[in-house]
Amino acid sequence: MLIVLRHIHKIFTTGEVAVHALDDLNIKIEQGEFVAIIGQSGSGKTTLLDILGCLSQPTSGDYWLDGAHINKLPDSELTMIRNRQIGFIFQTFHLLPRKTSMENVRLPLMYAGATRTQQQNRAQELLTRVGLSDRMHHQSNQLSGGQQQRVAIARALANQPALLLADEPTGNLDSQSGNEILTIFEELHQQGQTIVMITHDPLIAQCANRRITLLDGRVQTDESIAAPAQPTLQEI
Amino acid sequence: MLGAIFRDALKNLWGNRLRSGLTMLGVIIGVASVIAMMAIVEGGQIWLVNSIERLGTNLLFVWKNRLTVEEKRMFAGRNLQLRYDDALAIRKRFPELQVAPIIEIDGQVKTGDRDYSGRITGTSPEFSDIRNFHPASGRFLQTADIQTWNRSVVLGKTIAEVLYGSQSAIGQQLKIGEHRFTVIGVMEPKGEVYGQNRDEMIFIPVTTALRFFKGHDKIRSMIIHVPDRNQMEKVTQQLHQFLIQRHDGVNDIRVRNQGEFLGAVDQTLWTFRIVLGGIAIVALLVGGIGIMNIMLVTVTERTREIGLRKAIGARRKDILLQFLIESTTISVIGGCFGVVLGIFAAYGFGNLVAQSMPGGGDWGAVIKPTAIVVAFVFAVAVGIGFGLFPAMKASKLDPAEALRYQ
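Chains A and B, in that order, are what the protein sequence lines are. All letters in the first sequence, in the order written, are residues 144 to 379 by the numbering used here. All letters in the second sequence, in the order written, are residues -2 to 403 by the numbering used here.
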């Protein structure tokens, strides 16, 4: 079992009001699954993403990621886990401006302590893999949205993470670029990469092989689809 | 990794050229003022010490003390005042010392159709050696001149030129007051020393001065050369005691040595150092506040970037280092420019002083390597010190919040 969330609560207190963002959430995710987490805004999916990505800790409950008991770990260990185990893909790409695709992809490798040559080779390999071998030395603002998101995917894969965590990855893209991104996800899934994708769009969620719907911080539905996602992708 | 962070810092600073430049300006002005101030004080010290040392070295100065009316009444009838006899007695009692008694007369020097009104110094042959002031042509006063009350005169360079133009002055006759003198020597050019223009001095034998112009044997002061520098304090004491004894126990004389002058100068200079250095350091601190201000703005602007970096594995240390290196880069580059500007400012100001101050002709700013090092190190310390708070702030940002910061 790659991910185990047990009795997860997350309560935000602003002034007098306590908001129960996650309410006794229990989810298990196997190695190699492609999971879509769907929910309206306010359903707690962003909070869940933060907890899954080790960006914040649950108020109570237990979270295991690849055997590590995350909610017991100090900040410095979480940083290490984010660096090695998790690849983030954001709706707004979050590429560093004034940096080339290469430099952006090298960043997590640099923080992992890789040498310059290692960084360069790995970044080159990854950018080629996402189809940007001719855009390696372009600055991020010279790339289209789809290209930027592909750089972000390359960056997310840099340290061979156990978990690829995508937050509305197609939200800022036109449908064609969106499809390209989903195709890459599909390929990664075929290669055995665990992917958790958060989205509000049920159509996008259809390319996943498991869909978890959140409502008011709880799991509403959790359905697995045995059939490969490929046909659905063409429907979109 | 440090290299990469440093390259990033340069890139970011270059990306905000105007802002970085203005922030640096604070450091530049701070460093430049530290260097300039230190150079000016250093130059001033050397100038003052030189001025004092040019009076001659290992010197003691003896004056009479002014007595109050009451003291005068009390000590009436005792042997007071500084007299020529005192000088002779000192020579006898302390044969190793060179003693030059000095009296001064205001008078008119006349020759043919030219004249000159000024101060005439009566002294003895020792004066020349003690003050390191020698004749360029002819000779200075000699012992025989003193013994015979000889009416010989030695002229300063300027006086000789005023009276005789390009003609040789040696052997010429001139009148001081009603008395006829023969010019026996012309002094070398020396210029102004400690507020006195040496080239406008006129020397006659001290005995001649007393006999023809004073009619008594009171002298104004004595300059005494002590052969051994280490004996200065001791000789000062002994001399003072000896003179009090001669003056029937009345302490109506002052004996000062050069060390005391230098000490006073040093004290004054320390005051200058502290005041000017303080101003310069305040300037540098203001520059530091500028750095802190701009770094806080930078941290806020780059909150999302910080969030992203943390999300993909930057440790607190990495973020801290990143911003610290950026603020330090501002101060290092600012410091370099500041050193250059400081050197220019110091020499510029030095020239200004040299031109505007009477007798400041040989004044110049002195830039010591230590001053440059101190200013530079201080600037870098300011960059690190004032960069620390913004950098800590950045490193402590919550990654989840920072990522979604609008």
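If you are wondering where the hints come from, they were derived from the structure by calculation, not from laboratory data. The model shown is predicted, which means the values in this text are computed figures rather than measured ones. A few of these clues could be false.
What the hints assert, rightly or not - Each computed DSS-like pair below joins lysine-lysine, with the alpha-carbon atoms no more than 27 Å apart: (1) K314(B) x K242(A); (2) K390(B) x K215(A); (3) K242(A) x K172(B); (4) K215(A) x K172(B); (5) K393(B) x K314(B); (6) K172(B) x K215(B); (7) K242(A) x K390(B); (8) K215(B) x K242(A).
Structure-based check of all given hints:
1. K314(B) x K242(A): holds (22 Å)
2. K390(B) x K215(A): holds (25 Å)
3. K242(A) x K172(B): violated (92 Å)
4. K215(A) x K172(B): At roughly 109 Å apart (the allowed maximum being 27 Å), K172(B) and K215(A) break the hint.
5. K393(B) x K314(B): holds (10 Å)
6. K172(B) x K215(B): With Cα atoms ~23 Å apart, K172(B) and K215(B) stay inside 27 Å; holds.
7. K242(A) x K390(B): holds (24 Å)
8. K215(B) x K242(A): At roughly 90 Å apart (the allowed maximum being 27 Å), K242(A) and K215(B) break the hint.
The structure fails hints 3, 4, 8 (numbered hints given earlier, in ascending order).
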